[in-house]
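Q: The chain contents come next:
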Amino acid sequence: MNQSLNVLIVDDDPMMAKTLADILQFKGYTTKTAHSGQAALEHCSSSLFDCVISDVKMPGMNGVELCRRLKCSIPEVSVVLMTAYSEDELVSKGRAEGATDVLTKPIHIDDMLAFLETLANTDDQNTG
Amino acid sequence: MNILYVEDDRIDAEAVQRELCQNAPHCRVEIVATQQQALERLEEHVEDYDLVLTDFQLPDGDGLTLLRHIRTQALPLAVVVITGQGDEETAVTVLKAGANDYIVKRTDYLARLPLTLENAVHQYRADATRRAHPLRVLYAEHNTADIDLTRRHLERYAPYIALDAIHTAPEIIATVTSSDATAAYDVLLLDYRLPGMNALELLKELQQRFALDIPVVLVTGQGDVDVATQALKLGASDYIAKNSGYLYQLPSVLENAYHRAKLSLEQAALRESEQRLRNIVEHMPVLLDAFDEQDHFIFWNTECERVTGYTANEIVGNPQAMELLVPDSEYRAEILERRHALGNHYRDLEFTVTCKNGRTRTIAWSNISRNYPIPGWWSWGIGLDVTARKQAESELQAYFEQLEDKIRERTAELQETQAQLVRQEKLAVLGQLAGGVGHELRTPLATISNAVYYLNMILPDAGETTREYLGIIETEVRNSERIIAELLDFARIDTPSTQAVQLATVMHQALKKQAPSAGIHLRLEIPPKLPPVIVDPRHMEQILDNLLLNAYQAMPQGGELRVNAEVHDGSLRLSVADTGAGISEDNLSKLFEPLFTTKTRGIGLGLAICKKLVEANGGTILVESQEGCGSTFIVTLPTKESQI
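First to last, the sequence lines map onto chains D and R.
Here the numbering used here is used: position 22 in the first sequence is 1273, and no number is missing along the way.
Here the numbering used here is used: position 387 in the second sequence is 453, and no number is missing along the way.
Worth flagging that the hints you see were computed from the coordinates, not collected in a lab.
Where hints are given, some of them may not hold.
Counterexamples of contact, computed for chain D against chain R with all Cβ distances above 12 Å [claimed, not checked]: (1) Thr1270; (2) Phe1277; (3) Lys1278; (4) Ser1287; (5) His1294; (6) Ser1298; (7) Leu1299; (8) Val1328; (9) Val1342; (10) Arg1346; (11) Ala1347; (12) Gly1349; (13) Thr1351; (14) Pro1357; (15) Asp1361.
Here are the simulated distance ranges between beta carbons [unchecked claim]: (16) R:Gln692 <-> D:Arg1346: 26 to 36 Å; (17) R:Gln575 <-> D:Gln1289: 21 to 31 Å; (18) R:Glu690 <-> D:Gln1289: 36 to 46 Å; (19) D:Gln1289 <-> R:Gly636: 34 to 44 Å; (20) D:Pro1310 <-> R:Gly636: 50 to 60 Å; (21) D:Gln1289 <-> R:Ser655: 32 to 42 Å; (22) D:Gln1289 <-> R:Gln490: 37 to 47 Å; (23) R:Gln692 <-> D:Pro1310: 25 to 35 Å; (24) R:Gln575 <-> D:Asn1257: 32 to 42 Å; (25) D:Asn1257 <-> R:Lys595: 51 to 61 Å; (26) D:Pro1310 <-> R:Ile538: 31 to 41 Å; (27) D:Arg1346 <-> R:Lys595: 33 to 43 Å; (28) R:Glu542 <-> D:Pro1310: 40 to 50 Å; (29) R:Ile538 <-> D:Asn1257: 48 to 58 Å.
These numbers come from a predicted model, not from an experiment.
Beta carbons are placed, not taken as given, at the ideal position from N, Cα and C, and that holds for glycine.
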């Protein structure tokens, strides 16, 4: 069921992106990683993703900006932002830009998995 | 005395010199042999000599010529002429020519010489004084023949008497009562028989009406003793009867009258001066007292009376006077001892004197009688009442002390403020650093955490040791995350957004989040109807989390945690007390400083964060602790009431 979900993980820290991607892949999701906002946009223009999980704080384009742009071009994509406690302002901005959820660091993997499962089920219902 | 001795006989000259050298060592003698040499010396250095002693017989003339030269030139010198034995005529001649004395060259003349020379100089000086100040006599006499006779006699025998004559009583009154008469005449010589007015009446008139202070000498007829007596009674200075030869007595009578009048004037002036001084001493606004040898008061001026209230009658001659003035026997003994130790020589010695009304005054006494003794006063001193000054001084002193205290207080405050600023500066830097480091560490930690999660996931059948080690990594990552959270909390304490918060509610939430471990007994004493505190609820939660964690960590072996809240001065006072190890006095003062910790784990920010949060919310936090008996943290928080 959830195997069908395509997830793009965006983090400027490659190890962070990789570990998250590996866990999700093991759980049956199709994953791709990008290390900047710009790269993420390029991935999204060539492939279709159900969900984009992005760090907020990144050099160049930040997660909130990425979310805004994605929501403009692909309104149906779910965007999850990961942010540190100190970025309150960005969190509310992210929500304003249409982020589906905002996870506060430190990220609990179980929370993220739960979110994705819910999303997959919703998609199933929508598509089914 | 400098003597120029003119003598051609060498033996005589040496004899005189030897005599004077032995018996009148103050005489310096210079010998010349001729009149010519003498004149040369005098011409060049007359001021070097007081007296010329000359032999009458000289090889180039006689002593008389020299004498006449000296007198006609008015040289300021006494002259003594040595004459031969039996030559009375010469003696008379030299005296008439102005010699001050002569000495006959008899066997004993050397012995008489010093005294003769001494007298001659004295006489010369007295004559010189008289010549400089002639006696001015106003002679009232209608008989012009008598006036002539008197004038001629005086010119000859008493040239220092200047005589003016007038003839009638009205003339006399007009003259002597004119404003400058007293200055113009020294003596009034009054003939008894004046036309128009009898001399006694005139005398009476002058004395009573015009209060003349010029001495009057009355010239009476022969045998007029009654008149003379009356004249003296009326204030005449003297009288002289017109006996034969009375003119010879006249100069001395006039002079005596003048001197007596002068003396009496001087005496009056002296009496006046003494009275003035006595008045000053008696009434000057300075205390003055004097003692006899038994230390009894013999003088006590009006200022002493004014200041102490004791009159001179009560003090002078009273052997118990000191007991009145200084009733305390010990203090009295101390004063006397100090005075005796200093002798009659001290300045500004301050004593406290007890006045008659029982009050005390401080007097600064100075005694200078050792240097300035006064006959009849064994010791005397002056005193100044310095009570007011002393009081002002002590007030000033007190003020200074107060000022010093204030300065100390302010300095301490400033130091505290400065220390606080330094602390805050330190905190700010630390905050920045902590924030930066915390952020940077978060991502690698999250990655490690992800990696562990992944390993756990793909290795469901891993061995026990692998699982255990993965568990250790996971726990330590959590610990690290907590430390980082603490760092970040410290770095960013944002402006509180306050609202009314029920303390009981947040306390229950905090206890739910961090329940006490098994060994810890909780005593929660929060009354139900407490006013809400006005704080940021998130901050309040953090404060309570920290306080509870701190208390639990203080009691690893278990104990009692007592949480208590009450209203105090309108604020809410929360106390969190543990029964742990307590805090040493040294550590107590550093407890709220960041990075202070006594724990093995932890970076010492919990209580610093607590303090920052409490203060940011307008509250205070303090700790009371006794080593071995536990600690109590007391947090005072604002309520609606305290904020008004």
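Q: For each hint, tell me whether it holds in the structure or not.
A: Each hint, compared with the structure:
{"no.": "1", "hint": "Thr1270", "verdict": "violated, 3 Å"}
{"no.": "2", "hint": "Phe1277", "verdict": "violated, 6 Å"}
{"no.": "3", "hint": "Lys1278", "verdict": "violated, 8 Å"}
{"no.": "4", "hint": "Ser1287", "verdict": "holds, 15 Å"}
{"no.": "5", "hint": "His1294", "verdict": "holds, 21 Å"}
{"no.": "6", "hint": "Ser1298", "verdict": "holds, 23 Å"}
{"no.": "7", "hint": "Leu1299", "verdict": "holds, 26 Å"}
{"no.": "8", "hint": "Val1328", "verdict": "holds, 23 Å"}
{"no.": "9", "hint": "Val1342", "verdict": "holds, 14 Å"}
{"no.": "10", "hint": "Arg1346", "verdict": "holds, 19 Å"}
{"no.": "11", "hint": "Ala1347", "verdict": "holds, 20 Å"}
{"no.": "12", "hint": "Gly1349", "verdict": "holds, 25 Å"}
{"no.": "13", "hint": "Thr1351", "verdict": "holds, 21 Å"}
{"no.": "14", "hint": "Pro1357", "verdict": "violated, 5 Å"}
{"no.": "15", "hint": "Asp1361", "verdict": "violated, 9 Å"}
{"no.": "16", "hint": "R:Gln692 <-> D:Arg1346: 26 to 36 Å", "verdict": "violated, 52 Å"}
{"no.": "17", "hint": "R:Gln575 <-> D:Gln1289: 21 to 31 Å", "verdict": "violated, 44 Å"}
{"no.": "18", "hint": "R:Glu690 <-> D:Gln1289: 36 to 46 Å", "verdict": "violated, 59 Å"}
{"no.": "19", "hint": "D:Gln1289 <-> R:Gly636: 34 to 44 Å", "verdict": "violated, 59 Å"}
{"no.": "20", "hint": "D:Pro1310 <-> R:Gly636: 50 to 60 Å", "verdict": "holds, 52 Å"}
{"no.": "21", "hint": "D:Gln1289 <-> R:Ser655: 32 to 42 Å", "verdict": "violated, 55 Å"}
{"no.": "22", "hint": "D:Gln1289 <-> R:Gln490: 37 to 47 Å", "verdict": "holds, 42 Å"}
{"no.": "23", "hint": "R:Gln692 <-> D:Pro1310: 25 to 35 Å", "verdict": "violated, 55 Å"}
{"no.": "24", "hint": "R:Gln575 <-> D:Asn1257: 32 to 42 Å", "verdict": "holds, 41 Å"}
{"no.": "25", "hint": "D:Asn1257 <-> R:Lys595: 51 to 61 Å", "verdict": "holds, 58 Å"}
{"no.": "26", "hint": "D:Pro1310 <-> R:Ile538: 31 to 41 Å", "verdict": "holds, 34 Å"}
{"no.": "27", "hint": "D:Arg1346 <-> R:Lys595: 33 to 43 Å", "verdict": "holds, 40 Å"}
{"no.": "28", "hint": "R:Glu542 <-> D:Pro1310: 40 to 50 Å", "verdict": "violated, 30 Å"}
{"no.": "29", "hint": "R:Ile538 <-> D:Asn1257: 48 to 58 Å", "verdict": "violated, 36 Å"}
The structure does not agree with the numbered hints 1, 2, 3, 14, 15, 16, 17, 18, 19, 21, 23, 28, 29 stated previously, though it agrees with the rest.
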